[in-house]
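Protein sequences appear in the order of chains L and W.
Going by numbering that gives the first Met the number 0, the first sequence opens with residue 0, and the numbers climb by one from there.
Going by numbering that gives the first Met the number 0, the second sequence opens with residue 0, and the numbers climb by one from there.
Note that these hints are calculated values from the structure, not bench results.
Hints may contain errors.
Taking lysine-lysine and the DSS-like style, the derived pairs with C-alpha atoms no more than 30 Å apart in a straight line are [stated by the list, open to error]:
hint, chain 1, residue 1, chain 2, residue 2
1, L, K319, W, K267
2, W, K308, L, K259
3, W, K299, W, K26
4, L, K193, W, K281
Derived Cβ-Cβ restraints for the label pairs, each shown as a range [as the list claims (entries may be wrong)]:
hint, chain 1, residue 1, chain 2, residue 2, range
5, L, E153, W, E352, 53 to 59 Å
6, W, F219, L, E153, 54 to 60 Å
7, W, Q159, L, N123, 22 to 28 Å
8, W, S121, L, S92, 20 to 26 Å
9, L, N261, W, A295, 41 to 47 Å
10, L, S92, W, N220, 33 to 39 Å
11, W, N220, L, N199, 37 to 43 Å
12, L, I308, W, P142, 55 to 61 Å
13, L, N123, W, A295, 50 to 56 Å
14, W, K32, L, S92, 53 to 59 Å
15, L, G12, W, D93, 42 to 48 Å
16, W, V39, L, I308, 27 to 33 Å
Per the computed footprint, the stretches of chain W lying under chain L, defined by three or more beta-carbons under 8 Å from a beta-carbon of chain L, are [unchecked claim]:
hint, stretch
17, 206 to 215
18, 224 to 235
Backbone N, C-alpha and C fix where the C-beta goes; we use that ideal spot for every residue, glycine too.
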Amino acid sequence: MALKRKNVNYISGKESRNISKRNREITRRLEKERNNSKKDSSLYMTKMHDENNVVEMDNVCTYFFTDIGVVRAVDGVSFNIPKCSTVGVVGESGCGKSVTSLSLMQLVQRPTGQVVGGEIRLNNDDGTAYNIVNTPTSIMQEIRGNKVSMIFQEPMTSLNPVFKIGAQINEVLELHNKEMTKEEIRERTLEMLKMVGIANAEGVYNMYPHELSGGMRQRVMIAIALACSPKLIIADEPTTALDVTIQAQILDLLRNLKDKINSSIMLITHDLGVIAEMADYVVVMYAGRVVEKGTAQDIFHNPCHPYTIGLMNSKPVVGKQVEELYNIPGNVPNPINMPNYCYFKDRCEFCDKEKCSGRYPPEIKISDTHIVSCYRFMDQGEVMGYPKIINTEEL
Amino acid sequence: MEDIVKDTAVNESETKNDYVLEVRNLKKYFPIKSSFLRLVIGNVKAVDGVSFAIKRGTTMGLVGESGCGKSTVGRTLLRLQSKTEGEVIFDGVDIFKLSKKELRKIRPKIQIIFQDPYSSLSPRMPIGEIIGEAVREHNIVPPEEYEDYISRIMRACGLQEYYKDRYPHEFSGGQRQRICIARALALNPDFIVCDEPVSALDVSIQAQIINLLKQLQRDFNLTYLFISHDLSVVEHISDTVGVMYLGSMVEYSETEKIFSNPLHPYTKALFSAIPVPDPDYKMERIVLEGSIPSPANPPKGCKFHTRCKDCMKMCECVVPNYKEVEPGHFCACHLYNSEEENQAAEEEMKKLEEEAELANKPGTPAAEPEDEVVEDAKEEEKASETKE
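The whole structure should be built from the sequences, with the hints applied where relevant.
Put into structure tokens, the structure is as follows:
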């Protein structure tokens, strides 16, 4: 009994103290670098590899330095968000999809969480680009809400309960448009409220969040996010807390508004139905890494990675009767002790002992748009390269 | 006292039929109290006349938007809260007529699994105790078999035996939901209310839990009332489906019938809003305008008429009957009225109109206060509409 109860992941107090001491050293140095206010602009201005993208993620690594070890929440994630398109990011909870979006906004909880490597290039539309990873906070404040904005999951908790709706939308406009007068701002706010389908804009302008229903609050959140016509909207599970009928309304609204202001959407969700309906490109994440990416057609008609296939089969679909749902055996690996082989190997049904031995599989291009990280396709496509791994000892 | 219990037991076996549970015209109102003097100034009609019956060994799905009263139905029929009106007959016994002692006897037979596995387990109790507490309390098994029994139940729910001494915080969401299921199952129930058991879980974990629920149903001949807002899950697990809107049942039928041929406009809109995981699938979506009206002040006539695209004049004032439109397919909508019903509805409409005219004329003091109430209600409706 005593043997069984001993936890493999148990660490003693002494070990934990040593870990936190080392973490403090690393995070302090990284923070110092970041807070350097006299940073030369050449350090964070780069060029886009492709001008038609709004955002290019290149081997982004976001780690959390916790007292029980380093959690590699996002570990070498690369994908692009083209202009005027919707990119859906799917995965189970804890797979790093939210942390990816937070890294893009530089909103990761510091100092525990740090973007330690890679590049996030944000198009500046004049031939230059920001590398978000190195951009100082003062410049980030101009970008957030203006060029990139975010819609959060819970409309109930993300609006401030003590300010009126009007004031909360005005705030964004005031911050980013210093030349606008108060009247102009008010007009623009009312226009925004009408745009997101609120009929009684004048009335809602003077209301507090608690007076509105969940769907209405999510509309207000969208109005705040769109106020400055950003080029990228990050929607982090925008409809998870809402009913199906309200969800349909909100998705319709997002799709129409995206075309109206010519922006891109990064849609994070775990609902494959929502992704299929909204997204042009799909990125499937598992345990902090991208396992498959491609156009919606690629992913839904020809899913290649065993995890994607499992995910598709485990969701009941209306109109398709199955006796038993497929369930992916086993659990997600412990984020602190990630294995040094394919992360999905222990749960995989297609696993081949010879093929799948060795390190984490590289990205393999099996068609122009379709990329998958799985040894099964080693001979069927061009190998793009392994995700870059950052050794925490070297930091 | 024991004699009475025995009597009811005899009654049970006599009246035992196909239906485990029958609900007749169940109503549950929550009073709205004024801030001063705590006078009751209105009622939130959370459940307003719901009737259905569940056959032994089957699953009934209950769907609807949040706030339509599905969870209240689940809680009320377990007598976790009192009713306002109606009957709940479980195995031939009206649950609300039982005394405290009798109710205690029947409690193990009816169990519930809650939505949130994170808040429905006591953080200070080890798993074995959580599952076994009620078993000991109700003397389900003799004390010497207790340990074995708990282990057996845990294995049936896919939990390892040695988890017994662990605490809830050591488990993931899916495992916690398994613990909740084991806790309900340990009492050897006939009927389980599953109140959104999978909506707090991830897709792949959802599949595990749904499969487990189905397998347990086969093994133990359980009956489920499956409350959920996820229609695809309901379609997968249920034999019959009831659709609720603002406290009333608007449609009820077998799963295949209701999904292939929804009758009520609300059901149609609800089903068309389900996202389909196929990028090439283009459907004609019926997008409902606005949100669900307040149950404290529901619209007159058909409750759905404010959002219905097939709204007729009679819908605005006459409440539609809940009737069998096709064999085994119940629906409450004027679209499927027989001619007699149409006539009755029109007569009622005329009557209402005349009353309204009378009330509008000056010098009819008796009708005046009623009129004011109507106007107030209309104003409030307008206000709520504008809010939306």
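**Study point:** Cβ distance range 53 to 59 Å for L:E153 and W:E352, holds or violated
**Key:** violated, 46 Å
Practice item. Could you say whether the range 27 to 33 Å given as a hint is met by the Cβ separation of W:V39 and L:I308? Key: This hint is violated: roughly 57 Å between Cβ atoms.
**Study point:** Annotated coverage of the stretch 206 to 215 of chain W by chain L, confirmed only when three residues or more have a Cβ within 8 Å
**Key:** holds (count 5)
Check your understanding: In this structure, is the beta-carbon distance linking L:N261 and W:A295 contained in 41 to 47 Å?
Key -> This hint holds: roughly 43 Å between Cβ atoms.
Point to revise | Outcome, coverage hint (the stretch 224 to 235 of chain W, chain L; C-beta under 8 Å; three residues) | key: holds (count 6)
Review point. Is the hinted range of 55 to 61 Å satisfied by the C-beta distance from L:I308 to W:P142?
Key: With Cβ atoms ~49 Å apart, the hint is violated.
Point to revise | 30 Å limit on alpha-carbon distance, applied to hinted pair W:K299 and W:K26 | key: Distance ~18 Å between W:K299 and W:K26 Cα, so the pair holds.
Review point. Does the Cβ distance between W:K32 and L:S92 fall inside 53 to 59 Å?
Key: violated, 40 Å
Exercise for review: Given the range 50 to 56 Å, decide if the beta-carbon distance of L:N123 to W:A295 lies inside it.
Suggested key: holds, 52 Å
Check your understanding: Does the Cβ-Cβ separation between W:N220 and L:N199 fall within 37 to 43 Å?
Key -> Violated, since W:N220 and L:N199 (Cβ atoms, about 54 Å apart) do not stay within the stated range.
Review point. Cβ-Cβ distance between W:S121 and L:S92: within 20 to 26 Å?
Key: Taking Cβ atoms as reference, W:S121 and L:S92 lie about 24 Å apart, which means the hint holds.
**Study point:** Supplied distance hint 42 to 48 Å, evaluated on CB atoms of L:G12 and W:D93
**Key:** The hint (42 to 48 Å, Cβ to Cβ) is violated, given that L:G12 and W:D93 are roughly 60 Å apart.
Figure legend: structure checked against the earlier numbered hints; hints not met, in rising order: 5, 6, 7, 11, 12, 14, 15, 16.
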